[in-house]
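Q: Here is how the chains run, residue by residue.
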Amino acid sequence: MGARLVPRVGRVVRVVEEAPLVRTYHIRVGGIAEPEPGQFNVLYIKGFGEVVISVSDYSRVDGDLVVEHTVRAVGAVTSYMHSNVDVGSLVGVRGPYGRGWPLKEFEGFNILIVGGGIGLAPLRSVLKYVSRHRDRYGRLVLLYGARRPVDMLYKYEYGEYKAIPNSSVHFSIDMPHIGWDGYVGFVTDLIDRVDLDPATSVVYVCGPEVMMKVAAAKLVKRGFREDRVFLSLERRCRCGIGICGTCQLGHFFVCKDGPVFSYQEVKEYLSVSGL
Amino acid sequence: MEQPLRSYFRGSVEDIRALFDAVRARGLEPVGYRVRGDSVYFGPLDSFELLPLGLEDSQAPGRFRLYRNPLGIFRHSSSSPKYWLHPPVQRVLEVSEGFEVEVVRDGGPPVALFGVKPCDVASLEVLDRILRNDDSYQGRRSRVGLVVVEECTVPGATCFCGSTGTGPSISAGYDVAYARLGSGVVIFKYGSKIGLELIEELGLARASEDEVAEYERTMSIARKSASHLPQLQEVSRALEKSVADEAFWKEVSSRCVGCANCNMVCPTCFCTEFVDYLEPSGRARRVRQWFGCLSYTYGQVAGMHYRPELHMRYRHFVLHKFLFYPKQVGLVGCVGCGRCVTWCPVGLDIREVVSKVVARYGG
Chain A
1 MGARLVPRVG RVVRVVEEAP LVRTYHIRVG GIAEPEPGQF NVLYIKGFGE
51 VVISVSDYSR VDGDLVVEHT VRAVGAVTSY MHSNVDVGSL VGVRGPYGRG
101 WPLKEFEGFN ILIVGGGIGL APLRSVLKYV SRHRDRYGRL VLLYGARRPV
151 DMLYKYEYGE YKAIPNSSVH FSIDMPHIGW DGYVGFVTDL IDRVDLDPAT
201 SVVYVCGPEV MMKVAAAKLV KRGFREDRVF LSLERRCRCG IGICGTCQLG
251 HFFVCKDGPV FSYQEVKEYL SVSGL
Chain B
1 MEQPLRSYFR GSVEDIRALF DAVRARGLEP VGYRVRGDSV YFGPLDSFEL
51 LPLGLEDSQA PGRFRLYRNP LGIFRHSSSS PKYWLHPPVQ RVLEVSEGFE
101 VEVVRDGGPP VALFGVKPCD VASLEVLDRI LRNDDSYQGR RSRVGLVVVE
151 ECTVPGATCF CGSTGTGPSI SAGYDVAYAR LGSGVVIFKY GSKIGLELIE
201 ELGLARASED EVAEYERTMS IARKSASHLP QLQEVSRALE KSVADEAFWK
251 EVSSRCVGCA NCNMVCPTCF CTEFVDYLEP SGRARRVRQW FGCLSYTYGQ
301 VAGMHYRPEL HMRYRHFVLH KFLFYPKQVG LVGCVGCGRC VTWCPVGLDI
351 REVVSKVVAR YGG
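Residue numbers (this note's numbering), protein chains in the order written: chain A, 1 to 275; chain B, 1 to 363.
Hints are supplied without guarantee of correctness; some may be wrong.
Lysine-lysine pairs mimicking DSSO-like chemistry, simulated, CA-CA at most 27 Å apart [as the list claims (entries may be wrong)]:
| no. | chain 1 | residue 1 | chain 2 | residue 2 |
| --- | --- | --- | --- | --- |
| 1 | A | Lys155 | A | Lys267 |
| 2 | A | Lys213 | B | Lys224 |
| 3 | B | Lys327 | B | Lys193 |
| 4 | B | Lys327 | A | Lys267 |
| 5 | A | Lys162 | A | Lys104 |
| 6 | A | Lys218 | B | Lys224 |
| 7 | A | Lys213 | B | Lys327 |
| 8 | B | Lys356 | B | Lys193 |
| 9 | B | Lys241 | A | Lys213 |
| 10 | A | Lys267 | B | Lys250 |
| 11 | B | Lys327 | A | Lys256 |
| 12 | A | Lys267 | B | Lys224 |
| 13 | B | Lys241 | A | Lys221 |
Simulated from the structure, these hints should not be mistaken for lab results.
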């Protein structure tokens, strides 16, 4: 067995409690390439298995990378992580893998970001990228919705997002909540209020699949082009390099051909349940 | 494309033995269909006697039997070259108590695939492409130094390689091929320079015109008897239109029990799943094993399932072979071997399913 399925060993250097059952692990690791926004790593928890988690941000420290992975405790490995993996723990890291958000191709465009729940994790890398290269893009609009205020990720950074020049940030929650004076309803409702010119805008969407389908359909109705609406999909990703076969969506391997696809590429496949 | 007359040679079963010895003399370990007890599987051929030359199989939907018959033709078993090139269980990682990752090495001597079938060779082309980033597969594949093919002069009852263009004779991707005719004569041909060298080493005579005519007649009949599918382009066109018809896919898969036998025996099904083991000491092992789209958990993730219904998974099996594989690797993924028909416990027949798709959505 060759090296492609062999992880580098990294160490958790920081853990951020984001929301109930959601933590962001900062893992310091050497020997892996810098991830592009929207790419993912495969994290290996010794004896328990691997999980595919998008990179939400990263930094360089003395030749190593510190990769940030926001993990919700929902399956066996991630639940084990939450109860047993902490600062100082060793974690295997393979990656970065996959086709991320197409950002370089859309320099000069306005950017609309639509995130739902944990789906903000891969979009955070877009926010970071755009704020680092602010002069290369037009207006930036972020729509982010969660079930409850407490479920929102990266709350400590919202000031930073709002401070990005020529940008606006809009939040929603699904159900009314004491102390919440923002929008109540689905995040996709907010699309109606976006005042960007579809002709000069690109959209990056991530959230539950049903939310992404609603968002994409709505965006297209509003005049955004299908080949400029991008979705980050999830499937049963395991190997990350297109050899285990279990993440297939039609003829695509989500891990290798995606996880980011234009709506145009996957529209037909997403319209058939269980494909 | 058939070879010119002069490049067919004649011999006997004894010359197959001589070929076997010549292959070994070149330092290649033969791997192929081998007898084990009362069955046949795919693995190392330590001696010529292990080849299933005295056996004949009888295959039908949901049925496989082996009989002794010195002149019989053995088609194939439940296993295929995949069994050796992409083994059912592969070690991936060994990790120490202190999290030192040990790379598992899987080396070995060069081998010759010996006595494999034209459909097997076609399956290698598919696997070579779909597993091009798979270090384990590529490592084993690079050990294959020679391919010796037995052409199927009498295809089995579930075979349909004539329809998929992958048999019963072979025209590329091999070094030496032989065909056992009913008369007991064995016709040899070569598909590479090293193949020609081997045939010269055996000192075989050119086949006579009559023998070549018999060979061609035999293969032509064989091809016709192994053609039970509509035209492939029509199949993919019809499948494309059928995708969203849930009622149709429920109907054609209604007898499927979701056992994934078809995946396991399919020479081009390549999916794998990872399994982790943790010892009390803290040592861990990570293993990769065959996984199939007919299994319940195929498409299941923590918190949800992308293919919760059996008919969705069966649909993926059929669509992948005829519609998605061509888009992924430029080749139809079905090589017409019929294993999925033979080894299905309820005899669900992909030829019938595909014909139904074309009947409903073709034209």
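Q: Hint by hint, say whether it matches the structure.
A: Here's how the hints hold up against the structure:
1. A:Lys155 with A:Lys267: Not satisfied, since the Cα-Cα distance of roughly 32 Å exceeds 27 Å.
2. A:Lys213 with B:Lys224: Distance of about 48 Å is beyond 27 Å: violated.
3. B:Lys327 with B:Lys193: violated (33 Å)
4. B:Lys327 with A:Lys267: holds (17 Å)
5. A:Lys162 with A:Lys104: Holds, because 23 Å separates the two Cα atoms, which is no more than 27 Å.
6. A:Lys218 with B:Lys224: Since the Cα atoms of Lys218 of chain A and Lys224 of chain B sit roughly 53 Å apart, the hinted pair is violated (cutoff 27 Å).
7. A:Lys213 with B:Lys327: holds (24 Å)
8. B:Lys356 with B:Lys193: violated (45 Å)
9. B:Lys241 with A:Lys213: holds (22 Å)
10. A:Lys267 with B:Lys250: holds (23 Å)
11. B:Lys327 with A:Lys256: holds (14 Å)
12. A:Lys267 with B:Lys224: violated (41 Å)
13. B:Lys241 with A:Lys221: With a Cα-Cα distance of about 25 Å, the restraint between Lys241 of chain B and Lys221 of chain A holds, given a limit of 27 Å.
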